[in-house]
Amino acid sequence: MSMLTAQGISIGFGGVRALSDVTFEVEKAEIFAIIGPNGAGKTTLFNVISGLYDAQQGRVTLKGEDVTRLPAHALARRGLSRTFQNLQIFFRMTAAENVMVGRHLHERRNVIIHLFTLPSVLRQNRETRAKADELLRFVGIAELADRPAGTLPYGALRRLEIARALASEPEVLLLDEPAAGCNPVETAEIDELIQKIAATGVAVVLVEHDMKLVMKISRRIHVLDGGRSIAEGTADEIRSNPQVIAAYLGRHGQQEVARA
Amino acid sequence: MNRLAASPYTVVLAMAVVVALLPLALHSTFYLRVATLVFIFSLVVVGLNLLMGFAGQVSLGHAGFFGIGAYAVAVGPASLGVPSWLALPAGAVLAGILAFVVGRPVLRLRGHYLAVATMGLGLLVAMVFNNEAAWTGGPDGMLVPHLSLFGWRVHGPLSWYWVSGVSLVIAAWIAVNVIASPTGRALRAIHDSEVAARVLGVDVARYKLIAFVLSAVYAAIAGSYYSLFDGLVTPEAAGFLRSIEFVTMAVLGGLGSIVGSIVGATVLVVLPQLLTVFQDYEHIVLGLVMIVVMVFLPAGIVPSLAGVLRRKSS
Amino acid sequence: MAEFLQFAFSGLTVGAIYALVALGFTLIYNASDVINFAQGEFVMLGGMVTVFALAAGVPLPLAALLAVIVAVGVGLALYKLAIAPARGASAVTLIIITIGASILLRGVASLVFDKNFHSLPPFAGNKPFMVGGAALLPQSVIVLIGAGVIVLALWLFMTRTLTGKAIMATAANRLAARLVGINTGAMVGLSFAVSAAIGAVGGILAAPITLTSYDVGTLLALKGFAAAMLGGMGKPLGAVVGGLMIGLLEAFGAGYISSSYKDAIAFIVILVVLFAMPQGLFGRARVERV
Chain A
12 MSMLTAQGIS
22 IGFGGVRALS
32 DVTFEVEKAE
42 IFAIIGPNGA
52 GKTTLFNVIS
62 GLYDAQQGRV
72 TLKGEDVTRL
82 PAHALARRGL
92 SRTFQNLQIF
102 FRMTAAENVM
112 VGRHLHERRN
122 VIIHLFTLPS
132 VLRQNRETRA
142 KADELLRFVG
152 IAELADRPAG
162 TLPYGALRRL
172 EIARALASEP
182 EVLLLDEPAA
192 GCNPVETAEI
202 DELIQKIAAT
212 GVAVVLVEHD
222 MKLVMKISRR
232 IHVLDGGRSI
242 AEGTADEIRS
252 NPQVIAAYLG
262 RHGQQEVARA
Chain B
7 MNRLAASPYT
17 VVLAMAVVVA
27 LLPLALHSTF
37 YLRVATLVFI
47 FSLVVVGLNL
57 LMGFAGQVSL
67 GHAGFFGIGA
77 YAVAVGPASL
87 GVPSWLALPA
97 GAVLAGILAF
107 VVGRPVLRLR
117 GHYLAVATMG
127 LGLLVAMVFN
137 NEAAWTGGPD
147 GMLVPHLSLF
157 GWRVHGPLSW
167 YWVSGVSLVI
177 AAWIAVNVIA
187 SPTGRALRAI
197 HDSEVAARVL
207 GVDVARYKLI
217 AFVLSAVYAA
227 IAGSYYSLFD
237 GLVTPEAAGF
247 LRSIEFVTMA
257 VLGGLGSIVG
267 SIVGATVLVV
277 LPQLLTVFQD
287 YEHIVLGLVM
297 IVVMVFLPAG
307 IVPSLAGVLR
317 RKSS
Chain C
10 MAEFLQFAFS
20 GLTVGAIYAL
30 VALGFTLIYN
40 ASDVINFAQG
50 EFVMLGGMVT
60 VFALAAGVPL
70 PLAALLAVIV
80 AVGVGLALYK
90 LAIAPARGAS
100 AVTLIIITIG
110 ASILLRGVAS
120 LVFDKNFHSL
130 PPFAGNKPFM
140 VGGAALLPQS
150 VIVLIGAGVI
160 VLALWLFMTR
170 TLTGKAIMAT
180 AANRLAARLV
190 GINTGAMVGL
200 SFAVSAAIGA
210 VGGILAAPIT
220 LTSYDVGTLL
230 ALKGFAAAML
240 GGMGKPLGAV
250 VGGLMIGLLE
260 AFGAGYISSS
270 YKDAIAFIVI
280 LVVLFAMPQG
290 LFGRARVERV
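Residue numbers (the working numbering), protein chains in the order written: chain A, 12 to 271; chain B, 7 to 320; chain C, 10 to 299.
Bound conformation, chain A alone:
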């Protein structure tokens, strides 16, 4: 059974068709990449899948269950998590606190007990903090735990978002341009991190512009252009697909490549 499926997803905004009939499936422990030129609709697709936008047509299923109309926090409860292209970090909280929020679904959420200094609440806080420290170690920024997120360098923030997204123990993780703006060294570290995550059994859906990263670590690649799916396959298949080349480089570029 696929962990995540999208069937015929379509959505438009005031006359602009952002997505038309997008369909794909993602398996457990696989790294599935979605690529496409700017404006192809990749982030919009993530927003639909993660419950921030409502698709006008189509279905999304998570572990076999139809979750199309569910809001974001309900999807989180069913094992979906994501990061954001434009870093939605809680800048006023420390790095550790950011990850602690990620543990929200695994904490006791009864507000009444939170009004008092009860041993169970104190213990909860300690446990959540311990788990947060563990995740910060996993992504390699353990030493920054008590620094306010607003003071952290860019590469650390990208990894913090991933740690936070992992805190809810998701089975499907959507990574929206996790290496955006990173230099080659940072990108290589992110690449290793993503493979570590997939190795733990999580289905990773990756949106990325960095072609080397994508080709290297993804098992399958799905290509979007202008909101439509134009190709899906392994790295080698996609690399030589003329439609994909045309989408990125234009028709002239495609002819150049064909002649080369």
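Chain C stretches covered by chain B per the calculated footprint, using a threshold of three residues with CB under 8 Å from any CB of chain B: (1) 85–95; (2) 106–113; (3) 117–130; (4) 227–234; (5) 264–275; (6) 278–286.
No wet-lab data here; the hints were simulated from the structure. Bear in mind that the values here come from a model prediction, so they are computed numbers and not experimental data. The beta carbon of each residue, even a glycine, is placed where N, CA and C say it ideally should be.
Based on the hints, put chains B and C in the right spot on chain A.
Showing chains B and C alone in chain A's frame:
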């Protein structure tokens, strides 16, 4: 000692010490009254701070809840035969229920839309108090009988000093507990990025509502204390100007800081007292304070000072 | 029928004033994203300055001109001293600033003027026209025509003059406007000045009918804001239509239902609009980008 300094409970402890020892330093009933007023308004602002400073929402109508508490202890005994000691918690419960009911739709709004919606609601409440003279005595208000608690007639500045002081310490303790808990983290997350909070499984609507209801209850209790203390309640208790005063106190002291809430309340209670000679200038001063603070110290007094101290030590 | 018309006339008259306040809101909001809660104070200044200048012996037309000048001066001061320095502040901060300004102006007015109600003598006499059995005051006609002239003049200014288009450009995209050489600071200041003038004229025209005093500003601002929201925040035509509608709703509500909750009508309208159609009558729904 370092752990004590780092713990959020230090603030509560410090407050308890101040409340306990302050009467030794204040020798006249006038100062006790001022301190009592500071405590009562701090109670409102600590609650409002949970909503504005931590959850990042805004309410320009919180005096509505204050007024409900204020009128509950007047209307209860006068028209419904409910004794004060029962009317007080009843008022708080009523305010909480109202906050729960209107909060759900209202908190879906953001920014200036939320501000205006809460303003409109506060104004409606004040209008009801003003118009329903048969119940509330209309624009001139009504007298409030003294509170009797297990035979102890709570009367006079010293009694009210203790009642409001102890209540404030308890309220601050509860606020600190909430902030340090998963609920507090959820609220702060919502403030910084609602979208990310959602995606991490936080039921944003629920938590905004929790902050709203909690702050409404704080305001109602403070309102009850206020009118019991004063002996008289008028529709101004629920008025727009009062709502603005609360927000100014919260913002002036510094949103997101419990100490800031108390500082803000202190400044805006003490300042008019200092200016009693210049009664007519009260509005001018309030307006100026609002503008100047928001322009030059948008983070508020306490966070700005803390920032300066931090920079000096690094 | 006569009763209906009577309510309609008074509703339209008061609605025209709300429309002018709403228009002032819209102008400033469009140019700077600021919701100016001191808008009602411009109307107050228009009426009060005229009244006191007149009482000091200044002939009516000059007194009115003086009132407009004072209001414009206050508007520019508000912008320069309170809004411009807080550039980039959050929506709530700006709201608090303008509310603070409104309170400040009210305080000053209570001292410079007094706390009583005042009115002006009607400009064209007191003899009402009888229309369908209802009395229509000449001043009402003046208010409606005056408001219409202002709306038309504003529209011409915004769409036909270079300065007006510069303000619209500032509203549409501040950075782009700066890049093409528009002095956006001056344009926002100008929008405050024009808003103040509009408000003041409204106050002067209305003073003979609705009494004026130092604190009429608050309710006017709230109702004007309700009108702007009803029409769709940022839409000038919406502001005018919204203002007239609220005026009518108030008049009919007070007449047929209850007059003690007349003021509540505008607030109920705000709440209904915010919950049912936040984009207003003429606005377009906004989508948040992540």
